[in-house]
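So the protein sequences, as listed, match chains F and V. Following our numbering, the numbering of the first sequence begins with 449 at its first residue and continues without gaps. Following our numbering, the numbering of the second sequence begins with 3 at its first residue and continues without gaps.
Since the hints were derived computationally from the structure, they do not count as laboratory data. Misleading hints may appear alongside valid ones.
If you anchor each label on the Cβ, the simulated ranges turn out as follows [what the hints assert, rightly or not]:
| no. | chain 1 | residue 1 | chain 2 | residue 2 | range |
| --- | --- | --- | --- | --- | --- |
| 1 | V | A93 | F | G478 | 34 to 44 Å |
| 2 | F | G478 | V | A225 | 55 to 65 Å |
| 3 | F | G663 | V | G74 | 54 to 64 Å |
| 4 | V | P216 | F | A647 | 50 to 60 Å |
| 5 | F | G530 | V | P125 | 53 to 63 Å |
| 6 | V | A53 | F | E657 | 47 to 57 Å |
| 7 | F | A641 | V | E47 | 50 to 60 Å |
| 8 | V | R128 | F | D554 | 14 to 24 Å |
| 9 | V | A243 | F | G627 | 19 to 29 Å |
| 10 | F | A641 | V | Q11 | 44 to 54 Å |
| 11 | V | E47 | F | G627 | 47 to 57 Å |
These numbers come from a predicted model, not from an experiment. Heads up, the beta-carbon is just placed ideally off N, CA and C, and yes, glycines get one too.
Next come the chains, spelled out residue by residue.
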Amino acid sequence: MTGLDGRVAIVTGAGQGVGRGIALAMAERGARVVIAARRAQTGDPVVDEISARGGEAVCIVTDVTRRDDVAACVDAAVARFGALHVMIHNAFRGGVAHRLEDAGADVWEQNSRTAVWGSFFCAQLAYPHLRDAGARGRLILVTSPAGVEGSANIPLYAPVKAAQRAIAKSLAREWGPHGITVNCIAPVAETPALAHAFASNPTLKERLEARTPLGRVGDAERDIGSVAAFLASDDAGYVTGQTIVCDGGSFTGL
Amino acid sequence: MPAATDLTQRGALVTGADLDIGRGLAAALAGAGARVVALGPCADERVMSVAGDIGSPDGAGDVIARASGALGTTVDVVVHAMHPMGDATAAPSSFADVTDAAWDATWERTMRSTLFLFQAAFPAMRDGGFGRFVVVTPTLSMSGAPGLAPLAAAVEGQRLLAKSAARQWGAHGITVNCIAPAPELALEGVSAASVSLAAPALGRAGDPRADLGPVVTFLASEAAHFVTGATLCVDGGVWMAP
Numbered sequence: 449m450t451g452l453d454g455r456v457a458i459v460t461g462a463g464q465g466v467g468r469g470i471a472l473a474m475a476e477r478g479a480r481v482v483i484a485a486r487r488a489q490t491g492d493p494v495v496d497e498i499s500a501r502g503g504e505a506v507c508i509v510t511d512v513t514r515r516d517d518v519a520a521c522v523d524a525a526v527a528r529f530g531a532l533h534v535m536i537h538n539a540f541r542g543g544v545a546h547r548l549e550d551a552g553a554d555v556w557e558q559n560s561r562t563a564v565w566g567s568f569f570c571a572q573l574a575y576p577h578l579r580d581a582g583a584r585g586r587l588i589l590v591t592s593p594a595g596v597e598g599s600a601n602i603p604l605y606a607p608v609k610a611a612q613r614a615i616a617k618s619l620a621r622e623w624g625p626h627g628i629t630v631n632c633i634a635p636v637a638e639t640p641a642l643a644h645a646f647a648s649n650p651t652l653k654e655r656l657e658a659r660t661p662l663g664r665v666g667d668a669e670r671d672i673g674s675v676a677a678f679l680a681s682d683d684a685g686y687v688t689g690q691t692i693v694c695d696g697g698s699f700t701g702l
Numbered sequence: 003m004p005a006a007t008d009l010t011q012r013g014a015l016v017t018g019a020d021l022d023i024g025r026g027l028a029a030a031l032a033g034a035g036a037r038v039v040a041l042g043p044c045a046d047e048r049v050m051s052v053a054g055d056i057g058s059p060d061g062a063g064d065v066i067a068r069a070s071g072a073l074g075t076t077v078d079v080v081v082h083a084m085h086p087m088g089d090a091t092a093a094p095s096s097f098a099d100v101t102d103a104a105w106d107a108t109w110e111r112t113m114r115s116t117l118f119l120f121q122a123a124f125p126a127m128r129d130g131g132f133g134r135f136v137v138v139t140p141t142l143s144m145s146g147a148p149g150l151a152p153l154a155a156a157v158e159g160q161r162l163l164a165k166s167a168a169r170q171w172g173a174h175g176i177t178v179n180c181i182a183p184a185p186e187l188a189l190e191g192v193s194a195a196s197v198s199l200a201a202p203a204l205g206r207a208g209d210p211r212a213d214l215g216p217v218v219t220f221l222a223s224e225a226a227h228f229v230t231g232a233t234l235c236v237d238g239g240v241w242m243a244p
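Looking at chain V on its own, in the form it has when it is part of the complex (with noise of 0.2 Å):
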């Protein structure tokens, strides 16, 4: 009988792989035995590349499709670790500069594509009576952060979108969780200064395959089954709340 955790048979989608982040949870999830693609390139032999755009239901039910195909089984596991829109990187900006197209750009955006991405992976789950989503929610999100209010909002929303969701759909077998990193390990630009939290109790804020990547693959798996909507901090022990 296989591990608990063993992920063997089962096909996850992930967003974000061509970042660290999002490359180093794949390549943990295939690790794990998973069958795994990816949203956008990833520099990793052992996952597959679909193309597509999730910012609208159209195009995420696109890349579902394009994904299960890639597979050759349904998309049980969705890791959503993409970066939240707007600007590439997330230099910190005064609130009051920011601009209404910054701010659909950030917020809108990051909160549309998730919606959509979530829509288009449930009808498979429910059929199957089994479905994970883990979504990447850097720990910004709950500390608050000067000058990132934009993302902060995004990805706090994301976070509770997570929490609905698990809400709604758990008769269906689907958890749905966050893992909460240290920002500066999931978005481009953020530095530690710029949240002025505690030192992380464990030295370091993490490598994405080697400190996140099991717990992503343990969320994903059968072993994970009673925990939903719940966020997993994973960032080497700053943030403790609560």
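Next comes chain F alone, as it looks inside the complex (with noise of 0.2 Å):
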């Protein structure tokens, strides 16, 4: 197992569904892991979890969407465990599905906030620790094959996940020279979001399981979080600027 002891790292969205499932298994490989979410009840379970397995962590409650915030957890983690080796961005909000004709500011606005106003203010708010770090610098973006096929069903959920991977790209090509890889996971996984369109459309389940060749969705820590601590560790510094897409093999347009 690749390990991640001495590692420092901030996962967004950290209380709840793929979040947490990275979450978890950077800590099961020894990196001390900040919980940045949104509420501390959805967050400090997660440090919780965490601790009984022996791990160390912290629960910061940050909206991604504020810049201070952002800021306020960066120097939080840096106080607590001395630096910031990875910073995980997975917080998001919104993909409810519209129409594009109808689509109001508000619906815009929902998709933006979190996956691209996030993205840059924890890339840049991280950038001076992770320049620090070199070598062991790492920015992963969680970001969905929907931001390269598109989406009929939530449409500007496509356009806000694209912009993580050219955001992605460009600081990969930008940051290089530090030593620090930037990265997309594309993930497909079990959710409380997908658990919830799951009830309300019973047989999506059957067509998402019958349309993956691996036949199932993916679990958050076993499929997804393992693929996050690779791209964190020593074993993926040659990597960057990549998007590697979990979901069970439904998506090969890559």
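Need the complex rebuilt from these two chains, each delivered in its own frame; the hints are there to steer you.
As structure tokens, this is what we get:
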């Protein structure tokens, strides 16, 4: 297993779903993890889970759409653990089905704020510390297969997830000279959002599994977290500017 | 019977025709027989011009209404070649120095204006059962570019907005595609060196009218009715993915 001993990581949106899975996987491999969650009610239990397994974590209540919040989170991580090597931006709110012709500013705003402004703030504010971390510096953005193939159900979700890939590629080129790597993960995994979608659309799970070569929806910790941990590790030190699609093989367009 | 790439009877709106690329594409459409109106000034006598601002839903609606009035027909074809918003020139700057205002100007304004333009043009295309959107998305959004992350984000956002629109609006006979030129052709202040890719296989970045024009004319035509959600790289053979 790829070791992350001595690494300090921030994971946004780590109170649930994919973010929680990534945080658990990172901690399992020895990273000290900041659970950046919008609400302590979701973040604290993840800290408890990690502690119960013998790991080290802290919850910092963070709204990634606010620059000051992200700055305070980064400062708190460094104050608590002495450094910041890995920034993983996963938090997202939005993704409600809509028609493009009817989408108002509110629908746009919802998709844009957490995904794109959140990426901007997380990347920029982590940067001085990632630079100090040199060849251990990592920025990982959680995007979506929709960011490559577009979406018929949530059309405005696609461009914000695509923008994250363009940011990652650009920063991979810009920050490469410092040794920092910048990559994306595009997961499909069991999350509260997906569970909600399954509940309201009984055939969705079956259809999703049927079109997935590996025949199942991913597990946030085992299937997605493990990939994030790999990208955060020394083993992935020569991988940058890439998107790893973790969706059981549905999307093969890269 | 007219050729399948003949654009007679079609009304087209071109944004960004104040710059070489938009002007070249507008000229190509006019050369193929379309009636063409530019948003803003366009130094081509065959191209009409309307003023307006697509930065708000109402503004975009006004632009489509004025364009339709000037054309004397519906706007069947929209070619969005406008330079992404923000600074008029895209001089690379360190990501660490990007301000919230610059991010807002580049990302938010580019995306919102593109969305509003799409939304404003949609109803007439739906009602007519025919529509063509072509968005100019320089290849740097696919390659990434150091010092140009905000611009790359905005262009890639436009490219995926086009794919989503293609998926939702295809049933109405509307296609939505992108052409990806060399960055230096579409973005003032961006040099090929800043994205440090290979030299073009065809030896040059290309001429908007002569090299890109025929591709846009094709995408705007009946002949391309089964092509949607695509990005055609028209950069002389630099970016070759996939």
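Verification of the supplied hints:
Distance hint check for A93 of chain V and G478 of chain F: the Cβ-Cβ separation is about 43 Å, which falls inside the suggested range of 34 to 44 Å. Our hint of 55 to 65 Å for G478 of chain F and A225 of chain V holds, since their Cβ atoms are close to 59 Å apart. At about 57 Å, the beta-carbon gap between G663 of chain F and G74 of chain V stays in the expected band of 54 to 64 Å. For the hinted restraint 50 to 60 Å between P216 of chain V and A647 of chain F, the CB-CB distance of approximately 51 Å keeps it satisfied.
The hint said 53 to 63 Å for the Cβ distance between G530 of chain F and P125 of chain V, and at roughly 58 Å that hint holds. Our hint of 47 to 57 Å for A53 of chain V and E657 of chain F holds, since their Cβ atoms are close to 54 Å apart. Taking the beta carbon of each, A641 of chain F and E47 of chain V are about 55 Å apart, inside 50 to 60 Å as hinted. As the Cβ distance of R128 of chain V to D554 of chain F is approximately 23 Å, the hint placing it in 14 to 24 Å holds.
For the pair A243 of chain V and G627 of chain F, the supplied restraint of 19 to 29 Å holds, since their beta-carbon distance comes to about 25 Å. Here the CB-CB span from A641 of chain F to Q11 of chain V is close to 47 Å, well matched to the stated 44 to 54 Å. Judged by the Cβ atoms, the range 47 to 57 Å given for E47 of chain V and G627 of chain F holds: they are separated by roughly 56 Å.
Figure legend: structure checked against the earlier numbered hints; every hint is met.
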